[in-house]
Amino acid sequence: MGTFQIDFGESRKSKIVGIDLGTTNSLVAYMELTGPRIVEDADGRKIVPSIVSLSEDGKLIAGEIASELLLTKPERTVYSVKRLMGRGVADIQEELKLFPFRIAPEDNIKLELGGRTFTPPEISAAVLRQLKENAEDALGETVGQAVITVPAYFNDAQRQATKDAGRLAGLEVLRLVNEPTAASLAYGLDKRKNGVIAVYDFGGGTFDVSILRIHDGIFEVLATNGDTHLGGDDIDNLLLRIALEDLQSEWGENLSGDSEGVQRLRRAVIAAKQELSFVPGTNIELDYHGRRYLRAIDRTLFERLITPIIERTLEPCRACLADAKLTPADIDEVVLVGGSTRIPLVRAAVERLFKSKPHTELNPDEVVALGAAVQAGILSGDVEDQLLLDVTPLSLGIETMGGVVSKLIHRNSTIPASATESFTTAVEGQRNVLIHVLQGERELVKDCRSLARFDLKDIQPMPAGFARIEVRFLIDANGILNVTARDARTGKEHSVEVKPSYGLTEEQVEVMIQEGLERAEEDMQERQLREARVEADNMLAATAKAQKNAAWDTLTAEERERVEAAKRDVLTVYHGKDHHVLTAALEDLNQATMTLAENMMNTAVRGALTGTKID
Amino acid sequence: MPILSKNFYAFFGIEPKLRLDLEALQKRFYELSRTWHPDRFTRKSPSEQAEALEATAVLNDGYRTLRDPVKRAEYLLTEEGFPIGEQRSKDVPPELLEEVFELNMALEELKSGDDSARPQLETAKQNFTGMRAKVDAELEKLFGKYDASEPQSETAKQALHEVRGALNRRRYIENLIRDVDRALNPDVAAAEPVDDRL
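Quick mapping for you: the protein sequence lines, in order, are chains A and B. For the first sequence, the working numbering begins at 337 and goes up steadily by one. For the second sequence, the working numbering begins at 16 and goes up steadily by one.
These are calculated hints, taken from the structure and not from any lab test. Quick caveat, the model's predicted, so the values are computed rather than measured. In this text, a Cβ means the ideal position worked out from N, Cα and C, and glycines have one as well. There's no promise every hint is true.
[To be verified] Here are the in silico distance ranges between beta carbons for each label pair:
(1) A/370 <-> B/59: 21 to 29 Å
(2) A/827 <-> B/145: 42 to 50 Å
(3) A/400 <-> B/41: 41 to 49 Å
(4) A/841 <-> B/63: 22 to 30 Å
(5) B/180 <-> A/644: 49 to 57 Å
(6) B/180 <-> A/841: 47 to 55 Å
(7) B/60 <-> A/780: 40 to 48 Å
(8) A/692 <-> B/59: 38 to 46 Å
(9) A/614 <-> B/22: 56 to 64 Å
(10) A/767 <-> B/145: 52 to 60 Å
Given the sequences, and given the hints that come with them, work out the whole structure.
Okay, here's the thing in structure tokens:
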């Protein structure tokens, strides 16, 4: 059947998808004429669990299947990897006590899965690849560009790691958008035209709060604050710890060392936590290897347990209000984002703080992905009347004398934002100047987050203090730092060598992308080889059968020998690695058996005419 | 497309005045954002994207500077050739000499664990906050004087000279307030950047 294509010209552009890459769950959405829409997989599921498992044949698989493997193959499976993005081994000692991360003993964080090691961006890339596939299936076209959301309070390294993950998954990341801001876009579509809103985003692993002024389609972030290590995970871990102790006193056995048991108990406490948002009491229930653990828990107890965690979200809210120079009375509306905001105690705390009843019309699990799709629509030009003006969450500075940080760009500055600073040499003939860039609010280098060291190289030798190199620090619309340098005397661009303090260098990412391509190539080879072998099996079987047919005797000795030779050739190359060789041998066999096949056909036709059954 | 200027006033297309209509400035900021924001250039060529990024950085830096009276005045002074030198600690404005001396004593006492200095510091903070308000009022007057003068005239230069003096005094007082705040709440104040808005 013939097909014909309609040329849509310029208007036919490939879709940019919006991705919410969450700690616990991830979603992908796109913009339709009617508005943003979440992608569903073949089974109608929207949520892709951010869980990744290494299959027996060496592939990273993500989502629902990996979620099941977390129970049966915990040593090959990992979750909540977003907590490790853009961080150093020293940062994550606390996480290691709570999460079953198996960290390889190296400088950069690498996770061990089934004997192989992976960086956090590689793991996240597996989740992104799954989302990309789901989107491609739903849209019926390849997807190459994406908007990915990140916690507003993510620092430069965490953002860079997210961008790297996108590239590893074969996605061009057109924009990183802050999660609370994305949520405001989703709400803003049909909400009030002007006003001040606060977005309270309590997700699986991160907490963010942002305050925005909406003015005729401009979404201007006034201030943002948060904690990148505070989320529903912390509630789960708290309940899990208590349940483990309780179970030990009941069973007389410590389950902590048993990964499968721990994962099953973790599921049980999560189920109980979720139920408690809707019913006043429930049970934590575990059936494991013929034993049963059952503990009743009511909402009063649950709320008493989690109060300290909820309290930790309120301080960033107050700081955010102060930075925006606003009081709760100035906030017109509050929007809730993230699964943890289903907890009634969270809602009550937010309402008390902002003195206004929060919005919950949109599903808190989906609102960020919906907003990411709106932002994708803004980038593609499909959405014209809205524009997001976001800020950098953390101040950027450089190390000066005595280990003090000199701030260049203050937190809550609208991005893109820039600052220029002049540098000179301290000793005669000095050829290099090293600039240490940090992020954070504290005064001393040791209390801030090291971002990178920039080496200004090949400075003309001259007396101390004579060189003048102007360095420009530019935070782009993704919240990522770009540094350029210029010799103020000659006006020439100056080379800058970047050594990121955490995460991957540009070269490492390139190598991984290359390896990924080679792996894809290997996978393809592998599949074609398997297919060729299946075909060989079929053809050899068919030939063997034909040789028992009367038609075989009608062949000349020469023709028979040719068939035998072709069979031998196929068997010789059958176990080889190159599918091309096997395919060529099969083609020879096909040619050699042509006469035989014709003769069989003729015999069959004659037989059919005379009513003789031919086998 | 307008020609890109790195001068903030020129970029916003407004007169280089020290008093600004903040509402009009915000409106202009939103308009220019709609034109220049990188989001509007995703499907454009790399050179157009680079230009948009550059323009938006100037726009945002400019808005941050111009909407804040102190930063705006410092910017205009620098542009007009009145660089504002870093105030050194020894340059105590003469009228503050006595106050600063007593303040330093009180700060030392508190540091050495003598909490009886606390009420004195609270009073000092109130004093300095009052002084800052006075400088702000003075600045407001000087802004008017500059704006009314002929550009480049002697009156204009004289006004800028006085603005610079007032700004230096203001920064000095601001630092004192910060020191007192830090002494009073050592945990909180460390993370706070200087708030230098009027």
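Status of each hint after checking the structure:
no.: 1; hint: A/370 <-> B/59: 21 to 29 Å; in the structure: holds (27 Å)
no.: 2; hint: A/827 <-> B/145: 42 to 50 Å; in the structure: holds (49 Å)
no.: 3; hint: A/400 <-> B/41: 41 to 49 Å; in the structure: holds (48 Å)
no.: 4; hint: A/841 <-> B/63: 22 to 30 Å; in the structure: holds (29 Å)
no.: 5; hint: B/180 <-> A/644: 49 to 57 Å; in the structure: holds (52 Å)
no.: 6; hint: B/180 <-> A/841: 47 to 55 Å; in the structure: holds (50 Å)
no.: 7; hint: B/60 <-> A/780: 40 to 48 Å; in the structure: holds (44 Å)
no.: 8; hint: A/692 <-> B/59: 38 to 46 Å; in the structure: holds (41 Å)
no.: 9; hint: A/614 <-> B/22: 56 to 64 Å; in the structure: holds (59 Å)
no.: 10; hint: A/767 <-> B/145: 52 to 60 Å; in the structure: holds (53 Å)
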